[in-house]
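There are 2 protein chains.
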Amino acid sequence: MSQPRFFVDARCSPGAEVTLRTDDARHARLVLRMRAGDSVVVVCDGAAWAARLSQVSANQTTARIDAMRAEQGGELPAFVTVLQALPKGAKFDDIVEKTVELGARRIVPVRCERGYADAGDRKLERWRRIARAAAMQSRRRFVPEVDSPIAWSDGVLLARSQPVLVAYERALSGTLAAALAKSQDGMPFAIAVGPEGGLAPAEVDAAQAAGCELVSLGPTTLRTETAAAALLVACAAYRGWW
Amino acid sequence: MSQPRFFVDARCSPGAEVTLRTDDARHARLVLRMRAGDSVVVVCDGAAWAARLSQVSANQTTARIDAMRAEQGGELPAFVTVLQALPKGAKFDDIVEKTVELGARRIVPVRCERGYADAGDRKLERWRRIARAAAMQSRRRFVPEVDSPIAWSDGVLLARSQPVLVAYERALSGTLAAALAKSQDGMPFAIAVGPEGGLAPAEVDAAQAAGCELVSLGPTTLRTETAAAALLVACAAYRGWW
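Chains S and F, in that order, give the protein sequences.
Going by the working numbering, the residue at position 138 of the first sequence is 138; the numbering climbs one at a time, nothing skipped.
Going by the working numbering, the residue at position 144 of the second sequence is 144; the numbering climbs one at a time, nothing skipped.
In short, the hints are calculated from the structure, not lab data.
Every residue, glycine too, gets a C-beta built ideally from N, C-alpha and C.
Mixed in with the good hints, there may be bad ones.
[Stated by the list, open to error] Covered stretches of chain S (chain F as the covering partner; in silico rule of three or more C-beta atoms under 8 Å from a C-beta of chain F):
#1 11–18
#2 46–57
#3 62–70
#4 97–106
#5 143–153
[Stated by the list, open to error] Listed below are several chain S residues computed to face chain F (Cβ distance under 7 Å; list not exhaustive):
#6 PHE7
#7 GLY73
#8 ALA202
#9 VAL204
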């Protein structure tokens, strides 16, 4: 059984004392039944540290940092952003969970003509909780960000600063490899997935005008909730990260 | 809106009359509200045919085949088998759905030491229904098979006739590309995913003794229910199928 891991929002260094978040502290105390002196791993700013719980109480749970752990993996070698059209119901929950599990660093919900209504603050809070939990479960070293929803026309402007690969069912086989070949390994890039009903023609035009690349999603027809995770893996494989 | 598609278990040829399965017939009649004369696509043995409903009734719904459609895509260029350890609860449902969506041709539930109990006939029936529905939704041209569960020690013997890539968390980056490079594009291969708790040492030994390749699952830690779908996409990308 591997040691419990907790993301902390503090600066870590050997000897430092850090406070666990309230929900993590409750989980450590009531579910994992941990006590002062138990070993844990605390993760912050992309690094994992060996630590021991120094105080475990209903008010506050703290850990004292020992040394940095020489952990490999947990992150893709590039910062990957996922732009995802808002789908129906709770599908976005699964999309957040899967793309975080597969290494996404930032998830941006996008409003599209054929997509679903805007997400309120409660949903955003839930997606951030899911992202955090999935990051912990997948032994990530960063907690991926989940942005507030933006319009598709704003989302595609990310192509001004980095490659944006837009999943497009009518793109030919080979377009993904070609698009990835244009940018350097290790540089940030984004993938974008439209809604269930597909991107509207004006949205495809806007993406192309902004400099996005329309890329193939493989030989089978994918559901919108599968597309982002699958495209993320395909990019990682083409990059040789697997 | 694309035309409704139905898999039929009949021999198709121009002018032939084929009978829809009972569940498809009910769906066509009661949900899609189709009538005699309506256009449909019938799919059998890897080919799609243009057809028209010739009879729509509570007893029987038939279609008369017109001509073969020149459809591209819908299938990976190789027959891919998924060996998957039985997970807890309904996770296997999702695994069937996703791997079918991504192009798997055959799914074999596998019993592992740290996996879950055997699946009865009712579960097998459900997985086959899910596979069929997912294949229809993803515009596949074949209905993937779902086998009865077998033991891990029997599953790995598939390596006698084709490459079997076993997801292994401790495999190094690059092992997947190396394993795929050993076999020819278009030849059948299999991927194998162990249970949540990981493969037991004896199971890893059995896989290696049978000639399976232990391959990397990428830099992040994946849940068992994500692994098969992700590995399938990574293989497809390495093969250049995307």
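Verification of the hints:
1. Using a Cβ-Cβ cut-off of 8 Å, 0 residues of the region 11–18 of chain S lie near chain F, which falls short of the minimum of three, so the contact claim is violated.
2. A count of 0 residues in the region 46–57 of chain S with a Cβ less than 8 Å from any Cβ of chain F is obtained; the coverage claim is therefore unmet, three being the minimum.
3. A stretch counts as covered by a chain when three or more of its residues have a beta carbon under 8 Å from one of that chain; for the region 62–70 of chain S and chain F the count is 0, and the coverage is violated.
4. Restraint check on the region 97–106 of chain S versus chain F: 4 residues with Cβ-Cβ distances below 8 Å, three needed, restraint holds.
5. Proximity of the region 143–153 of chain S to chain F, defined as three or more residues with a beta carbon under 8 Å from a beta carbon of that chain, is not established by the 0 residues found.
6. Annotation: interface hint on PHE7 (chain S) violated; nearest CB of chain F at approximately 15 Å, more than 7 Å.
7. About 4 Å separates the beta-carbon of GLY73 (chain S) from the nearest beta-carbon of chain F, less than 7 Å, and the hint is met.
8. Hint status for ALA202 (chain S): violated, given a least beta-carbon distance of 20 Å to chain F, over 7 Å.
9. Hint status for VAL204 (chain S): violated, given a least beta-carbon distance of 18 Å to chain F, over 7 Å.
In summary, the numbered hints that this structure violates are 1, 2, 3, 5, 6, 8 and 9.
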